[in-house]
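**Q** Top line first, the protein sequences correspond to chains R and V. Residues 4 to 412 in our numbering are what the first sequence spells out, letter by letter. Residues 188 to 622 in our numbering are what the second sequence spells out, letter by letter.
Think of the hints as simulated: they come from the structure by calculation, not from any bench. Bear in mind that the values here come from a model prediction, so they are computed numbers and not experimental data. A hint or two may mislead.
[Stated by the list, open to error] Distance condition first, Cα-Cα at most 25 Å in a straight line; then the derived DSS-like pairs of lysine-lysine:
hint, chain 1, residue 1, chain 2, residue 2
1, V, Lys-301, R, Lys-259
2, V, Lys-262, R, Lys-259
3, R, Lys-257, V, Lys-293
4, V, Lys-302, R, Lys-252
5, V, Lys-262, R, Lys-118
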Amino acid sequence: MDIRPILSTLRRHKFTACLLILEIALTCAIICNAIFLIGQRLDRMNISSGIAEHELVYIQLAYIGERPDAMARTAADLAALREIAGVRAVTMTNQIPFGGSSSNMGVRTDLAQQKDTINASQYLGENVPSTLGIQLEVGRDFRPEEYRDLTDVYAALGKGDMNALPKPALISRAVADQLWPGQDPLGKQMYVGGGIPLTVIGVMAQLIRPNQFGDGAQYSVINPIRLSMSQGAGYVIRCAPQDREQVLKLALAKLKTLDPNRIVLGKGTLDQLRRDYFQNDRAMAGILVGVCLALLIVTALGIVGLASFWVAQRNRSIGVRRALGATRGNILHYFQTENFLLTTIGIAIGMVLAYGINLFLIVHYELPRMPGFYFPVGAALLWVIGQCAVLGPALRAAAVPPVVATRSV
Amino acid sequence: MLGYYLDLALRSLKRNQVLTALMVLSLALGIGASITTLTVFRLLSGDPLPQRSSQLFYPQLDPYPIDQPFSRSGKMPWLMTYIDAMNLVHARKAQRQAAMAMTQVKVIPMDAGKKPFFSDGVMTTADFFPMFDTPFQYGAGWSGADDDSRAQVVVIAGFLNDKLFGGANSVGRNIRIEGHDFRIVGVLRHWEPEPRFYGLRLGGHDYGQGDAVFMPLQSARADGMSPQVTLSFGPESTDVAHLENASSIWLGVWVQLSGAADVSAYRTFLSHYAAQQVSLGRFQRPRVSLSGLTQWLDDQGVVPDDVRLQVGMAFGFLLICVVNTVGLLLAKCLRRSREIGVRRALGASRGAIFAQFMVEAAIIGVAGGVLGLVFAELGLWGVRQQPVEYASLAHLDFGMFAFTFAVALVASLFAGLLPSWRACVVAPAPQLKIA
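Working from the sequences, and respecting the hints, build out all of it.
**A** Here it is as structure tokens:
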């Protein structure tokens, strides 16, 4: 279709055309960035944890204070929990993935290093790998004789006795790749907390840190250190997915019978914990989707309004064209092409604007650069919206009978 | 004259009901979104203590070793070691000064029937109350002597007093906290600075219900209460029982200084203190910082990035809505070229035409404002359903209420400018000829 007549018509409606282009450009710029932000949130929410999330429940107890029998009572708790039907494994750990708190430490491969290579999260507890369902890529799990009590570890640290500390450590693949890229990490030495030596005995495929994903979401280390209930964050229990509620109920009852005075601070499944952890991200993604929809609707309504006005204004000239032999299809295509043209110009300007907004966000909100494929997504959305919006008025234009040409307006 | 314009405008708006509804709706959506996000933003960036905030300052020191810095980007440590905090408090170089840490405590009611429960507590020193100008319902804070003698005294919040004593004057009575008896010396009136600036980085809640109990720092520590946040930098492990001598930061210090002279004097004192600690070998870096309350809140990013982003997006949305309204108004007014031509031929001046169209735009603005207010209330209701600490505080106050109409009117008048100008430059003769 020849676009020259369209251009010359538009030249007579410069203001209206410019306004439409401006509106489309702004919408395009905001929508591209909003979709990008939604993508970011979804990525964050879909982060894989490396643990058997659907098979885990947790119970967090209130701090009971330091007591000499804490270790024995913890052992009794663990034994009791293990007896519950359906329970596959139990541990008392210092932190739970997607839980609020975490223990983190600097890791370096050489004592002479000025700065730590990475900051990793530190998981403690007995049988953590098997309870959480962590996949070992290479190496082995801890042996029972390798575990030490945290109280003894503290005592050894207080005396500066590095030999009494448990040396073996499990590291995640991400840590291994960061510390020794391209090398076999098994048997390698690393130093944590400013000089405590650890030897890598195994590499886990993945293990997410409880929070602070900005420091490297998969930077995690496990040490073979036993915790008492006054040192740990809570009990983590593994069972079949369908048994979770039943096991949780029985476990709570059992813990209450062992000590009726304890206060349960938190309980639930890991799935719930994960959902809660990403609550804000989900809310933000929802808001962004809402904004996108509202923007598209407003823009579409704007296009409908302007197109209707144009059609009404050109009623007579449409009639003349029809009288001179133009088909309904010609008229329909005319308005569709006109809209496509305006939308395309708007999108082109919108792309530049979108890039500018992205640069602003990079500087002020530490967001990554927007990947290129968000631009065509935004463009396609606007083209579709534009065509849908103009269809009604264009059909109305196509329905104008040729006889209008003969009437006075 | 205005009455006539109003009449004309209403007639014209009625003639194109769909178009009018479109304009009002899109303006209202933009305004609703902007006001909702702006209300949340203002709530989060508010001044927690308007009468005192200009006099409150937050000193920071850097006890971290150079090769193991607090932050890689060079930020100052948020908190202080016990030794430094106590040195600053005891130096008494400011008008008032207090050290503080947040803690979780188990409160055991004296009535046998009531169950024990967990509450947020503050471990602090005597100046906390006069410095932050806390309002007392009964009694008062404790004295410096109580700090030194590790007196088992406590100031409780009004809501805790209501819960435990039914709102009666409980000064002189005891409550049991973490298994120790504390004598109540004061009961606060409702006091909830938003955001709770003094608990920032100490592990407290930033918004919402205030802390329940306030205890002398040393007494609480002697009774085994531990701070919510401890950050260690020494080679030795953190043993919660011996934090006082450990290489750990876990206290926030606030000082009250009135006047620029006092502030610069205090800054000098801090620098001297840090230099002295370097020469003693306790510090490796003599850097210090002293931030005012609002600056400290800004630096700590009290307003989440998400909220800033939402404000930006809402105003972008409003801009698009305004552009949309401009387009629709323009379309409308161009369609009425003939009407304008007739009015001009009958003697209406350009100014009169301009005023007529601006009145029409203003009507749309007011309607958009009213509907926008409804949307804003809806939006804030949505915010209150969100799982955030500040949720319950998201309400439209009178200022924002008035501001909504100001925004609506300005936006619509701005949107009306171009169409009205186009309308008033319409030449009457050609329009009449066509007819």
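**Q** Any of the earlier hints contradicted here, and which numbers?
**A** Result: hint 2 breaks, nothing else.
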